[in-house]
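Got chain R; can you put chain Y on it based on the hints?
Spelled out from the first residue to the last, the chains are:
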Amino acid sequence: MNGEGRSPRGRVIVDGVWKKFRRGERHDSLRDLIPNTARRLLGRRPDPLALQSNDFWALKDVSFEILPGQALGIIGHNGAGKSTLLKLLTRILRPTLGRIETTGRIGALIEIAAGFHPDLTGRENVFLQGAIMGMPSATIRKRFDEIVEFSGIGDFIDTPVKRYSSGMNARLGFSIAAHLEPDVLIIDEVLSVGDLSFQERAFGRMQEVVRSGIPVAVVSHQLDRVRTLCTDAILLSSGEIVQRGTAEECIASYVQAAAAERPKNLAAIPGFSFGTITIVGEEHIRSGDRRLLRLTGHRDDAAAETKRFELSFQLRSLESGQVVYRTWSHHHGEGVTDAGFFELEVDLQFNLPPGLYSIETWAGDAERDERLGDGPSMRIVVEGGPKFHGKAQLNPIITLRQGCATDSSG
Amino acid sequence: MSAPAAPPTEYRDSHTILGDIRESVVDLLGHRELLMQLTLRDIKLRYKQAVMGFAWAILMPILVVLAGLVVNLAMSHLSGKPLSSRGMSGVAVKALPWSFFVGAVGFASNSLITNQNLVSKVFFPREVLPLSSVFAQGFDSGVGAIALALVLPFFGATFSPALLWVVPLVLLLVVFTTAVCLFLACTNLFYRDVKYIVQVLLTFGIFFTPVLFEPAMLGGKAGELIMLNPLAPILEGFRLAVVEGHNLLVALPAPAGGGAGALWSPWYLAWSTVAAFLGLILSVSLFRRLSFLFAEFV
Numbered sequence: 001m002n003g004e005g006r007s008p009r010g011r012v013i014v015d016g017v018w019k020k021f022r023r024g025e026r027h028d029s030l031r032d033l034i035p036n037t038a039r040r041l042l043g044r045r046p047d048p049l050a051l052q053s054n055d056f057w058a059l060k061d062v063s064f065e066i067l068p069g070q071a072l073g074i075i076g077h078n079g080a081g082k083s084t085l086l087k088l089l090t091r092i093l094r095p096t097l098g099r100i101e102t103t104g105r106i107g108a109l110i111e112i113a114a115g116f117h118p119d120l121t122g123r124e125n126v127f128l129q130g131a132i133m134g135m136p137s138a139t140i141r142k143r144f145d146e147i148v149e150f151s152g153i154g155d156f157i158d159t160p161v162k163r164y165s166s167g168m169n170a171r172l173g174f175s176i177a178a179h180l181e182p183d184v185l186i187i188d189e190v191l192s193v194g195d196l197s198f199q200e201r202a203f204g205r206m207q208e209v210v211r212s213g214i215p216v217a218v219v220s221h222q223l224d225r226v227r228t229l230c231t232d233a234i235l236l237s238s239g240e241i242v243q244r245g246t247a248e249e250c251i252a253s254y255v256q257a258a259a260a261e262r263p264k265n266l267a268a269i270p271g272f273s274f275g276t277i278t279i280v281g282e283e284h285i286r287s288g289d290r291r292l293l294r295l296t297g298h299r300d301d302a303a304a305e306t307k308r309f310e311l312s313f314q315l316r317s318l319e320s321g322q323v324v325y326r327t328w329s330h331h332h333g334e335g336v337t338d339a340g341f342f343e344l345e346v347d348l349q350f351n352l353p354p355g356l357y358s359i360e361t362w363a364g365d366a367e368r369d370e371r372l373g374d375g376p377s378m379r380i381v382v383e384g385g386p387k388f389h390g391k392a393q394l395n396p397i398i399t400l401r402q403g404c405a406t407d408s409s410g
Numbered sequence: 001m002s003a004p005a006a007p008p009t010e011y012r013d014s015h016t017i018l019g020d021i022r023e024s025v026v027d028l029l030g031h032r033e034l035l036m037q038l039t040l041r042d043i044k045l046r047y048k049q050a051v052m053g054f055a056w057a058i059l060m061p062i063l064v065v066l067a068g069l070v071v072n073l074a075m076s077h078l079s080g081k082p083l084s085s086r087g088m089s090g091v092a093v094k095a096l097p098w099s100f101f102v103g104a105v106g107f108a109s110n111s112l113i114t115n116q117n118l119v120s121k122v123f124f125p126r127e128v129l130p131l132s133s134v135f136a137q138g139f140d141s142g143v144g145a146i147a148l149a150l151v152l153p154f155f156g157a158t159f160s161p162a163l164l165w166v167v168p169l170v171l172l173l174v175v176f177t178t179a180v181c182l183f184l185a186c187t188n189l190f191y192r193d194v195k196y197i198v199q200v201l202l203t204f205g206i207f208f209t210p211v212l213f214e215p216a217m218l219g220g221k222a223g224e225l226i227m228l229n230p231l232a233p234i235l236e237g238f239r240l241a242v243v244e245g246h247n248l249l250v251a252l253p254a255p256a257g258g259g260a261g262a263l264w265s266p267w268y269l270a271w272s273t274v275a276a277f278l279g280l281i282l283s284v285s286l287f288r289r290l291s292f293l294f295a296e297f298v
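If you read the sequences in order, they're chains R and Y.
So for the first sequence, our numbering puts the first residue at 1; every next one is plus one.
So for the second sequence, our numbering puts the first residue at 1; every next one is plus one.
Next comes chain R alone, as it looks inside the complex (with noise of 0.2 Å):
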């Protein structure tokens, strides 16, 4: 996109939105239209703020702004109003209260292959989707050659699209708007598109325009991809702001909070209760120390339904929403058979990246591969040690020989 001459334009500014749907079907007929018509006549405009029985708050007052040079990421879980406040900052919906401020021309990576047609070829479909998206055709002829370069399309762009995979749809609407000079980005869930090698090229022109310094506004549930190309974030619940701040922090809360949502049936195990989960000693981590995991519990009955409750234990990065670590017991030789009050008792290092995570447990049966219920849980911070960047640590051994006289490889 190739911003970095001009001066930043764009700025978005969202005021007290709050956006209304209706639940259900649509689509009226033209019956309905005369009892519409007489209610209306008949002055009884309906209250913006009153909700029919059918409706329900999308977004509730919501209010941010996006400064130029600011990636803005959104995130929650499926039906907080993520994609509603996407649409609203594009305008193709308008809220129901409040105001929406865009200045600049707003490039929108949703849908980014809406408007191809399939008995159109590639080549034919480029100045269409181009003009949809609206960049003059000047432009689209002058990039034409760059955009069908980085599609990876070839040969292949005079064959209509109907004749191309999914994998190659994606990648020429993506390289379309890839091509865009806006003044506003705003991408929603476009990052997945392809194989690795687009998704990392991808990825790599989208970084390339947040650093351009124009205003940004990333819809993703690659948290991991949120993290590197956002500077703030905003998470949304139920259409409610519930934190905003930067996207690590918020990417934190969320999963936490994803993380606490997940059915827990603590006193649900017949015959089996769980106690604590400590960590003994120093409660400092630094990346690559040992420390002592101790997880209690109490078994009633040696004659319950269940011979041999296994614990299992998994450590979640709060950051990624990703289980980095799981095991079960029983791959350890160990499992609650006895009566009376158990102590388990796990010696772990922590060869983890510095970060957040979550350590969950829980008691299955390994006889009936049965999950049969969650244990307690707690946080941990790591922090950096021994330097290592990636996700995991190898634990190298380094020999360096030098100044030898001879090539020892030949």
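The set of hints was computed from the structure by calculation and includes no laboratory data.
Model, not experiment: these values are computed from the prediction.
C-beta atoms are modelled at their ideal positions from N, C-alpha and C, and glycine is treated no differently.
Keep in mind that a hint or two might mislead.
Stated by the list, open to error - Computed list of lysine-lysine pairs in DSSO-like fashion (alpha-carbon distance at most 30 Å, straight line):
no.	chain 1	residue 1	chain 2	residue 2
1	Y	K81	Y	K221
2	R	K142	Y	K44
3	Y	K48	R	K142
Claimed, not checked - Which stretches of chain Y does chain R cover? Using the computed rule of at least three CB atoms under 8 Å from a CB of chain R, they are:
no.	stretch
4	57 to 67
5	118 to 128
Coordinates of chain Y only, in the frame set by chain R:
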């Protein structure tokens, strides 16, 4: 659901009809490339895989002319007057604008629905969708007009200054068709049964529009009445200007024995003009005011 403590200001633009139109025009000028691309798309799609290619453009008018032949044969049989080539040229001249109207309305009234994907996912002035249908149909009719211009001289049509009337008549036809298309595209989106009504109206409209016959054939009152259909004076204008070489500012009395009504009066054309432009103004304004709801309802 909690209501806000202090209700914020309501989102509402206080538009005037003139404001709507100005906004519409400015938006369309800004998106003329999109309008062009969508029109091109519609044209390409029609010709791309069609067996008949450009013959497609004249199929409908030819069918209308054949229907006119049947009707006029029957009438000449009943009245004992011979079938005139002039009468048939008249039907041919009116068949083309009628096909344009029917085709444009047919495509445009569904344009917002068939492009649902675009309407609900991309922002652009929604007017371009019905307009591109009208323009694509205009291209078809242009091809038909060339074919007609090549054929007409063989049926005794001659050049006359009255031919210049074709220019304002085409303009009037496009304005009226656009008005109808915008209105129907927009109502069809909210009320899905509109498209069935449109189908029925287009099918039977040919009986209430003087395409296959001339208003004078209906006799006095009925002939005048049918001129209330805003399309009627436009079509008759085409016929009189092209086939009869008649200056449309001059009124024509009804033929002897045809009753009291005039066959042509400039007032008919004035009525069409008022109806077309007023219709366009109202439909543009309506379309504008409702277009922010399209993405939600489509």
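Verification of the hints:
1. Restraint check: the Cα-Cα separation between K81(Y) and K221(Y) comes to about 23 Å, which is no more than 30 Å; the hinted pair holds.
2. Note on K142(R) and K44(Y): the hinted pairing holds, with a Cα-Cα distance of about 23 Å set against a maximum of 30 Å.
3. About 26 Å separates the Cα atoms of K48(Y) and K142(R), which keeps this hinted pair within 30 Å; it holds.
4. Beta-carbon proximity to chain R at under 8 Å applies to 0 residues in the stretch 57 to 67 of chain Y; the threshold of 3 is not reached and the given coverage is violated.
5. Given a C-beta distance limit of less than 8 Å, the hint that chain R covers the stretch 118 to 128 of chain Y holds, as 6 residues qualify and 3 suffice.
In this structure, only the earlier hint numbered 4 is contradicted, and the remaining ones agree with it.
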